Amino acid sequence: MANVRSQKAEKVIGRMKMKVNRQMASSLLACVHCGMCTQSCHYVLANPDDPTYAPAYKADKIRKIFKRHVDWTGRVFPWWVSAKSLYTDEDLEELKDTVFGKCTNCRRCSVNCPMGVDYGVFNRMARGALVSVGVMPEGVAVVSKDQWETGNQMGVLKEDYIETLEWLSEELQEELEDESAVIPIDKQNADLVYSINPREVKYDPRTISDAAKIFHTAGANWTMPSEGWDMTNFGLFSGYNELGGSVARRLYEKVEALNGKKLIISECGHGYRSTRCEGPNWAGRDVKFEMESSVITMLRYIREGRIKVDKSRNPEPVTFHDSCNNARSCGLTEEPRELLRLVCEDFREMLPNRAENYCCTGGGGAMSMSEYTPRRLKSGKIKADQLKATGAKVVVTSCHNCVDGLSDLIRHYKLGMDVAQLVNLVANALVLEKRAVVVPEPVVAPSVTEELPLAGRRIVVADDEPDFAEFVAMVLQDAGAEVFTAHNADTAMELARKEKPDLLTLDLQMPGKTGDKVFVEMRTDPELKKVPVCIITGQPEMRALIYDRSVPPPEGYMDKPVREDQILFNVKKILKIPHHDPDDG
Amino acid sequence: MSGTLSFAQYTLQEVALIWMATVYAIRIWWLTRFTAAKERQAPTGTGSAKPTRSIAYSLGNVAMPWAMESTRKRPLYYFQFVLFHLGVVAAISLSFLIPYAPAPWLEPQAVQILFRVLIGGAFVVGMIRIYNRVSDKHMRAISTPDDYFSLILLTVWFFFAFLAAPNDLSRGEGILITFFCLTAFFLVYVPFSKISHYIYYPFTRYYLGKTMGRRGVFPMTRSKPVS
Numbered sequence: 001m002a003n004v005r006s007q008k009a010e011k012v013i014g015r016m017k018m019k020v021n022r023q024m025a026s027s028l029l030a031c032v033h034c035g036m037c038t039q040s041c042h043y044v045l046a047n048p049d050d051p052t053y054a055p056a057y058k059a060d061k062i063r064k065i066f067k068r069h070v071d072w073t074g075r076v077f078p079w080w081v082s083a084k085s086l087y088t089d090e091d092l093e094e095l096k097d098t099v100f101g102k103c104t105n106c107r108r109c110s111v112n113c114p115m116g117v118d119y120g121v122f123n124r125m126a127r128g129a130l131v132s133v134g135v136m137p138e139g140v141a142v143v144s145k146d147q148w149e150t151g152n153q154m155g156v157l158k159e160d161y162i163e164t165l166e167w168l169s170e171e172l173q174e175e176l177e178d179e180s181a182v183i184p185i186d187k188q189n190a191d192l193v194y195s196i197n198p199r200e201v202k203y204d205p206r207t208i209s210d211a212a213k214i215f216h217t218a219g220a221n222w223t224m225p226s227e228g229w230d231m232t233n234f235g236l237f238s239g240y241n242e243l244g245g246s247v248a249r250r251l252y253e254k255v256e257a258l259n260g261k262k263l264i265i266s267e268c269g270h271g272y273r274s275t276r277c278e279g280p281n282w283a284g285r286d287v288k289f290e291m292e293s294s295v296i297t298m299l300r301y302i303r304e305g306r307i308k309v310d311k312s313r314n315p316e317p318v319t320f321h322d323s324c325n326n327a328r329s330c331g332l333t334e335e336p337r338e339l340l341r342l343v344c345e346d347f348r349e350m351l352p353n354r355a356e357n358y359c360c361t362g363g364g365g366a367m368s369m370s371e372y373t374p375r376r377l378k379s380g381k382i383k384a385d386q387l388k389a390t391g392a393k394v395v396v397t398s399c400h401n402c403v404d405g406l407s408d409l410i411r412h413y414k415l416g417m418d419v420a421q422l423v424n425l426v427a428n429a430l431v432l433e434k435r436a437v438v439v440p441e442p443v444v445a446p447s448v449t450e451e452l453p454l455a456g457r458r459i460v461v462a463d464d465e466p467d468f469a470e471f472v473a474m475v476l477q478d479a480g481a482e483v484f485t486a487h488n489a490d491t492a493m494e495l496a497r498k499e500k501p502d503l504l505t506l507d508l509q510m511p512g513k514t515g516d517k518v519f520v521e522m523r524t525d526p527e528l529k530k531v532p533v534c535i536i537t538g539q540p541e542m543r544a545l546i547y548d549r550s551v552p553p554p555e556g557y558m559d560k561p562v563r564e565d566q567i568l569f570n571v572k573k574i575l576k577i578p579h580h581d582p583d584d585g
Numbered sequence: 001m002s003g004t005l006s007f008a009q010y011t012l013q014e015v016a017l018i019w020m021a022t023v024y025a026i027r028i029w030w031l032t033r034f035t036a037a038k039e040r041q042a043p044t045g046t047g048s049a050k051p052t053r054s055i056a057y058s059l060g061n062v063a064m065p066w067a068m069e070s071t072r073k074r075p076l077y078y079f080q081f082v083l084f085h086l087g088v089v090a091a092i093s094l095s096f097l098i099p100y101a102p103a104p105w106l107e108p109q110a111v112q113i114l115f116r117v118l119i120g121g122a123f124v125v126g127m128i129r130i131y132n133r134v135s136d137k138h139m140r141a142i143s144t145p146d147d148y149f150s151l152i153l154l155t156v157w158f159f160f161a162f163l164a165a166p167n168d169l170s171r172g173e174g175i176l177i178t179f180f181c182l183t184a185f186f187l188v189y190v191p192f193s194k195i196s197h198y199i200y201y202p203f204t205r206y207y208l209g210k211t212m213g214r215r216g217v218f219p220m221t222r223s224k225p226v227s
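Residue numbers (this note's numbering), protein chains in the order written: chain A, 1 to 585; chain B, 1 to 227.
Derived from the structure by calculation, the hints contain no laboratory data. Note that the coordinates shown come from a computational prediction; the quantities given were computed from them, not determined experimentally. You may find that some hints are simply not true.
In silico PhoX-like links for lysine-lysine, alpha-carbon gap of 25 Å or less [claimed, not checked]:
hint, chain 1, residue 1, chain 2, residue 2
1, B, 38, A, 17
2, A, 61, B, 137
3, B, 224, A, 311
4, B, 38, A, 288
5, B, 210, A, 17
6, A, 262, B, 38
7, A, 288, B, 50
8, A, 393, B, 224
9, A, 19, B, 210
10, B, 137, A, 96
11, B, 137, A, 381
12, A, 388, B, 224
13, A, 288, A, 261
14, A, 261, A, 381
15, B, 137, A, 84
16, A, 381, B, 73
Cβ-to-Cβ under 8 Å is the rule here; a few derived chain A residues that face chain B [unchecked claim]:
hint, residue
17, 20
18, 27
19, 39
20, 60
21, 78
22, 133
23, 304
24, 328
25, 413
Think of the CB as a built atom: it goes at the ideal place given N, C-alpha and C, for glycine as much as any other residue.
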């Protein structure tokens with residue numbers, strides 16, 4: 001019976017009615033279906049024959065429900081204004097496909113709408129309504145659960161986080177030859193409390209050490225919190241304000257407990273927006289201390305002469321990609337450019353830019369929704385063309401989601417570019433006093449294998465994609481490791497038993513036995529349980545399969561796509577091999 | 001002037017106007033019953049955006065075709081928008097001028113030409129818009145029966161306003177009676193249709209300007225090529 005409404009549909013409608021505020025109501029009422037927003041959406045531009053990607057069409061999926069249940073014209077004459085209700089769970093799935101799978105909430109249509117309809121805002125509200133009844137992409141469910149339960153969206157355990165910071169501290173001390181060069185944890189009364197994205201701990205710790213190097217060189221009184229350090233907030237993507245508020249509160253309360261003066265937010269578009277802009281609204285409280293993007297902090301250090309930079313160290317042509325959350329929702333457009341001009345020799349704008357830039361396609365949590373990957377990559381054609389036109393070798397962005405999204409596009413469209421963050425470039429351009437007094441040591445020609453960081457290490461690479469396995473193997477071999485590849489679970493186990501490797505990298509989706517089963521088998525095998533495992537997967541939603549087990553968690557975890565330097569950095573971290581930047585000599 | 005025309009241009013108009021005003025008042029009251037979200041964030045951006053400036057920018061956006069990529073890249077479409085809305089203003093003015101303004105107001109040839117150019121132009125734009133809405137699959141996909149009806153209603157209204165502009169009773173009263181009846185129907189129907197978008201425009205634009213201003217996005221900096 002068509003008019004019998006499922007319990008979930010009933011709840012979704014109820015929540016939407018409850019969550020619509022005046023701003024949303026006016027946006028839901030004001031659309032005249034003029035179609036001016038159509039060409040502003042990267043999904044439309046990449047799919048010109050499919051009208052279901054048009055922002056107004058997508059917005060109407062929500063507007064129809066609003067009209068049917070809230071606006072009296074739709075309640076009295078539903079057919080006339082195309083008002084429509086939700087009845088079945090299939091209706092909810094269809095809505096999910098639109099609000100999660102066809103929109104990254106980038107707000108490009110919002111700033112191009114003559115009426116000022118802010119679609120991104122009510123699309124997010126609809127996401128939250130679906131999430132409240134458990135209708136969401138698997139990846140969103142997994143990441144939200146991690147953030148609810150562990151306080152960070154990647155399920156990083158406290159001991160792993162602290163261990164990583166300590167390891168990075170040791171490296172920093174060694175690199176700078178300075179005992180005081182450490183990452184202070186939970187220091188009271190610090191001027192700056194530095195919050196990060198868990199992705200940095202998981203597979204890009206170089207960004208933490210780069211930031212630490214900058215803070216140390218600037219002589220900052222800074223600290224990193226042992227808890228409440230995750231400035232990302234999946235509440236922004238899931239639309240679930242309860243999660244958003246909880247995550248934001250955790251962060252604010254930690255800063256207050258440390259009596260920190262200013263919260264510095266590392267380079268992350270959605271993290272910056274969630275923490276700096278939306279967090280106080282979701283948390284329902286005012287924030288007394290200052291909050292600032294690390295981009296602004298770094299720029300200030302250069303302006304104040306607290307750090308010196310040499311732009312000739314970054315000679316490659318670079319371009320800048322504006323994160324939607326930074327540019328279109330927080331106005332962070334000029335500072336990164338000013339900083340780039342100070343630390344790079346050849347900066348080229350991409351067009352369009354600033355608040356008119358196109359989404360990297362990884363926004364709105366899209367990177368965690370692997371079911372929509374083909375759609376995302378197709379829509380990325382617009383961004384790929386934009387990048388290509390610049391002729392740059394490096395695309396810089398101040399957002400971790402964008403780093404992943406752009407890396408994926410660069411690989412898919414074979415653009416041959418690198419992706420970097422501003423912190424990497426600033427750290428690279430940093431002029432350290434000790435460099436001027438370094439006396440070259442007598443050159444003793446070491447053997448090639450002695451120089452290589454993974455020399456003497458034995459690593460099994462298990463992945464059913466031959467190209468990817470070969471790529472990882474090549475990276476590790478180039479670093480001196482002896483590598484054995486396996487394309488299925490049985491071979492991986494066989495090699496692990498036979499070769500007794502120092503490390504096994506493991507894909508989760510393999511034919512026959514899946515990676516999570518291999519992992520549990522290894523952890524329960526007396527012979528193999530000590531072999532460190534690094535999961536490398538293209539399906540972040542599978543993370544729960546690993547972390548929900550009763551066995552000890554893997555030593556490393558990386559989401560595909562993954563770059564060469566990330567692989568090396570993580571492998572060295574797991575094997576506790578000190579990291580040396582080759583540029584530092 | 002016959003009793004029918006007198007009724008159409010006075011009594012009918014006044015009743016329709018009172019109806020429209022009443023429904024609009026109720027709708028605005030209804031909209032304000034939704035809670036306005038409280039903004040707690042400290043302002044971001046470069047600091048040059050003052051709330052009043054960003055709200056004014058947002059509200060004035062309609063007159064700044066350079067401000068949005070969507071209008072900047074489609075100047076012809078923007079021109080159509082301007083002409084269409086000037087036609088609306090002219091036709092509405094006509095519905096007041098004919099019954100209430102002193103006779104000499106509409107007598108000069110230049111005034112009549114101005115009205116006919118604006119209203120005639122709007123009629124042509126209306127025809128183009130009907131064609132676009134029917135022929136473009138993106139437009140078809142987002143169109144409701146109200147969208148089609150409202151557009152056709154306005155275009156037909158323009159047609160009769162164009163004919164009524166000379167206010168010439170020597171050709172009979174048919175045109176004027178039709179124009180005023182259509183105007184009355186228009187006034188009664190508008191509050192329930194998408195044509196009432198102008199009532200919501202100040203709300204959407206105010207809130208967007210306020211939000212984006214606080215976040216340092218409005219006034220928006222356009223894309224700049226590298227120097």
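Okay, the hints, checked on the actual structure:
Between residue 38 (chain B) and residue 17 (chain A) the CA atoms are separated by roughly 18 Å; this keeps the pair inside 25 Å, and the hint holds. The hinted pair formed by residue 61 (chain A) and residue 137 (chain B) meets the criterion: a straight-line CA distance of about 17 Å does not exceed 25 Å. With a CA separation close to 23 Å, the supplied pair residue 224 (chain B) and residue 311 (chain A) stays within the 25 Å bound. For the hint linking residue 38 (chain B) to residue 288 (chain A), the alpha-carbon distance of about 17 Å falls within 25 Å, and the restraint holds.
Restraint check for residue 210 (chain B) and residue 17 (chain A): the C-alpha separation of about 24 Å stays at or below 25 Å, so the hint holds. Of the pairs offered as hints, the one joining residue 262 (chain A) and residue 38 (chain B) holds, with about 23 Å between alpha carbons and a cut-off of 25 Å not exceeded. Taking the CA atoms of residue 288 (chain A) and residue 50 (chain B), the gap is about 21 Å. The hint holds against a cut of 25 Å. Proximity of residue 393 (chain A) to residue 224 (chain B) is assessed by CA-CA distance (about 20 Å); at most 25 Å being required, the pair is judged to hold.
The suggested pairing of residue 19 (chain A) with residue 210 (chain B) holds, with an alpha-carbon distance near 20 Å, which does not exceed 25 Å. Annotation: proposed proximity of residue 137 (chain B) to residue 96 (chain A) holds, straight-line Cα distance about 23 Å (limit 25 Å). Distance hint between residue 137 (chain B) and residue 381 (chain A) is fulfilled; the C-alpha atoms sit about 22 Å from each other, no more than 25 Å. Restraint check: the Cα-Cα separation between residue 388 (chain A) and residue 224 (chain B) comes to about 18 Å, which is no more than 25 Å; the hinted pair holds.
Between residue 288 (chain A) and residue 261 (chain A) the alpha-carbon distance is near 9 Å, which keeps this suggested pair within the 25 Å criterion. Of the supplied pair hints, the one linking residue 261 (chain A) and residue 381 (chain A) is violated, its CA atoms being roughly 43 Å apart against a limit of 25 Å. Straight-line distance between C-alpha atoms of residue 137 (chain B) and residue 84 (chain A) comes to about 21 Å, which keeps the hinted pair within the 25 Å bound. Pair hint residue 381 (chain A) plus residue 73 (chain B) holds up; C-alpha atoms about 20 Å apart against a cutoff of 25 Å.
Nearest Cβ of chain B to the Cβ of residue 20 (chain A): about 6 Å, under the 8 Å cut. The hint holds. Interface restraint check for residue 27 (chain A): the shortest CB-CB distance to chain B comes to about 6 Å, inside 8 Å, so the restraint holds. Checking residue 39 (chain A) against chain B: minimum C-beta separation of about 7 Å stays under 8 Å; hint holds. A distance limit of 8 Å between C-beta atoms decides the matter here; for residue 60 (chain A) the minimum to chain B is near 6 Å, and the interface restraint holds.
Checking residue 78 (chain A) against chain B by beta carbon gives a least distance of about 10 Å; that is not within 8 Å, so the hint is violated. Hint on residue 133 (chain A) is violated. Least Cβ distance to chain B is approximately 23 Å, over the 8 Å limit. For residue 304 (chain A), the suggested interface contact is broken, since its CB lies about 18 Å from the closest CB of chain B, more than 8 Å. For the restraint placing residue 328 (chain A) at the interface with chain B, the shortest Cβ-Cβ distance is roughly 6 Å, inside the 8 Å limit, so the hint holds.
Residue-level restraint check for residue 413 (chain A) is violated (minimum Cβ-Cβ distance to chain B is 22 Å; threshold 8 Å).
The structure shown violates the earlier hints numbered 14, 21, 22, 23, 25.
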